[in-house]
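Residue-level listing of the chains:
2 protein chains.
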Amino acid sequence: MSGTARAGRTGAPGLPDPAALFARRAEGFRPSPVRAVFEIAMRPGMISLAGGNPDTGALPHAVLAGTAARLLAERGSEVLQYGSGAGIERLPELVCRLMDLEGAATDPGRIQITAGSQAGIDLVVKLFCDPGDVVVAEGPTYVGALGVFGSYEVAVSHVDVDDDGLDPEAVAERIDALRATGRTVKLVYTVPTFHNPTGVTLGEERRRRLVAVCAERGVVVLEDDPYGLLGFDREHRLPSLYSLDPETVVHLGSFSKIFSPGLRVGWIAASPAVRARLQIAAEAVTIHPSVLGQELAAEYVGGEHWRPALDRAVARYRSRCAAMMAALEEHMPEGVRWTRPAGGFFTWLDLDPARAHGDLLHRAIDHGVVVVPGGACYADGRPSTSLRLAFSAAAEEDIAEGVRRLGRMLRA
Amino acid sequence: MSGTARAGRTGAPGLPDPAALFARRAEGFRPSPVRAVFEIAMRPGMISLAGGNPDTGALPHAVLAGTAARLLAERGSEVLQYGSGAGIERLPELVCRLMDLEGAATDPGRIQITAGSQAGIDLVVKLFCDPGDVVVAEGPTYVGALGVFGSYEVAVSHVDVDDDGLDPEAVAERIDALRATGRTVKLVYTVPTFHNPTGVTLGEERRRRLVAVCAERGVVVLEDDPYGLLGFDREHRLPSLYSLDPETVVHLGSFSKIFSPGLRVGWIAASPAVRARLQIAAEAVTIHPSVLGQELAAEYVGGEHWRPALDRAVARYRSRCAAMMAALEEHMPEGVRWTRPAGGFFTWLDLDPARAHGDLLHRAIDHGVVVVPGGACYADGRPSTSLRLAFSAAAEEDIAEGVRRLGRMLRA
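Sequence lines, in order, name chains A and B.
Following the working numbering, the numbering of the first sequence begins with 1 at its first residue and continues without gaps.
Following the working numbering, the numbering of the second sequence begins with 1 at its first residue and continues without gaps.
Bound conformation, chain A alone:
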């Protein structure tokens, strides 16, 4: 480095305590418990069942290398330049084809490309929710969504899930009860298919009813659907909430689980008026998603390699899920219960409260396995009596060994 004194070591007085200047919302910024143990999860010998990572090893790397090289060599000036805030022109039509596969046919004019699905949650909450508003969400729910709610000073009211997801009548009652106490409820946030973190799927009749009770009450349903194409049984697919009522439902889709999370490209499907406002909000945050990332996603899902690679990845997830189920049967002590997912990345363990003492994350790490403690998936910071296990990114023998270690921990 140069001879200049490095800033930060100069002893310049500056502001004594910048934290004293933070906005009120900064109190709601919550670090992700998964990200917090990212470094630990990488240690040699540690088995991670924590992160919801897709198997990027199943992707055709050489094909993608060729595509990226061609894009940069032939259209470098364009893909390296600023792009449109709505997304690159041909991507919305390709997104519609993907949504078609899920029986959620829609128009390209209703598609807003985002810098990933997390950005989609951020934009929708930013557009709809004032501080103090309450979002109704599954209990437990996606930890990343809790990060968004916290950052906008939005409260969360959890409705318990069972093996068929949310009970729509319980959601209706909750909305009414919250409103009766003067709270504002505009949004129900849900991951209806292969739920993060529990792995359960909302039943078909419940889907219709959930959308209906929300429409009746003037509440937007935010359907977060990154896993919809990851069903172990390709023939059996339930209608997306968006397909049931595209005015009440705002739909979030993502390339992260069916292609690559590293590129940060996703989408929102919404009514044209909502989509237009989301674009303005999105431009103020990132101008537009990575053009190169969008171009790669478009080339990939528009090409011939995508579907076989996805089938290959889903076959792995199915085998790994089966391996996890078998290991749980073998190693879990009496009184522990778990979900049996039909797709996606996760299973959820309800622990015998007697075994759920202490800091589950660090107890597990002491036993050589990283998991997401269930309490992290609730807004209220309750102690963990449950765990999320991901089977998506670990080899079958690691899954078996990781679950064995967990069993030992729970018996200790």
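Hints should not be assumed to be uniformly reliable.
[As the list claims (entries may be wrong)] Here are some, though not all, of the chain B residues that point toward chain A, as calculated from beta-carbon distances under 10 Å: (1) G14; (2) L72; (3) L178; (4) F259; (5) V285.
Calculated directly from the structure, the hints in this document are not laboratory data.
Yeah, the Cβ is synthetic: ideal placement off N, Cα and C, and Gly gets one too.
Please build the complex by placing chain B on the supplied structure of chain A, with the hints as guidance.
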């Protein structure tokens, strides 16, 4: 498309008016006037002097194609996977080398990688500003920053710039006056070097004084510095505000103008406590910036092609700026004044008020040239009596012809 009815045409009742559910902050969402004319600017025959685009044609496309291909072929599983919320590991050290070139030596531990510099503005305003707070900023200021302020219900108090940028005494008086009326001021937002939109540069003594008056008042200075390495005279460089007081100043850097805006990668330099909170906020918005984009940026600025390509681009900007100055001399009517930038992308025209009537943007488009009307660079929606012209992305003959058309418009 499939035979399924497309959502949005089904006549399902759904929510009658989602706009009635929008958050209060949605009133502050303002579409960028530059992006709004993006389509028009692309029409054949139209000359655009609007967008602040770097010359991505000056980049070594074949080299970048090879780099991207190698990254995907050799490390595909990693660069397509989720990454760290702080950024890829080696990028902060490379960012420090770039900042060193500007005389702003700093530590990698103070660098937060962002999904572009716009995302940096968003995160800093989100961290520091509550609704109703006032940000002091140049008048005029960067339109994209106004989009952020509006989206957080933050008011803007403009302090006029002259040929040496902001007057620090005027900033101090403004902060004091705002506070005397009970307003909260935590942030001064400034683009001190080759200012967007005026092209002026804050003088050295003013730099020291600006940081001092803000530090005395407990106000954070947000230094937005995308153009710092784009000086026409490489020898003559002023100290960055951050180098003068790295506790009071939060610094925004970007790869957009020295490499590629399409990849959306930038950074924030800040005290460790602030950086840590910004990371949590950033993870809630986009999890992390594109890994492939970060890897490409790291390979590029860590390699041998970067500096010559930047020199090539800056030489073009210098020639184009000279072409614009000559054309302005030739074609502008009496009473029009403009700035003489020493770097960056822009010059600013103060029009004779008698000639600034009507909708300047559409008058210019009628004459075959696209510009940014000055009013767009103020928060208060004042009528435009000024224009921003970008010389960065147009060929010299188009600059000459574009300015000739503007001259005709102003005489009409």
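Verification of the supplied hints:
1. G14: With a closest approach of 2 Å, the G14 (chain B) hint holds.
2. L72: holds, 4 Å
3. L178: violated, 15 Å
4. F259: holds, 8 Å
5. V285: holds, 5 Å
The structure does not agree with numbered hint 3 stated previously, though it agrees with all others.
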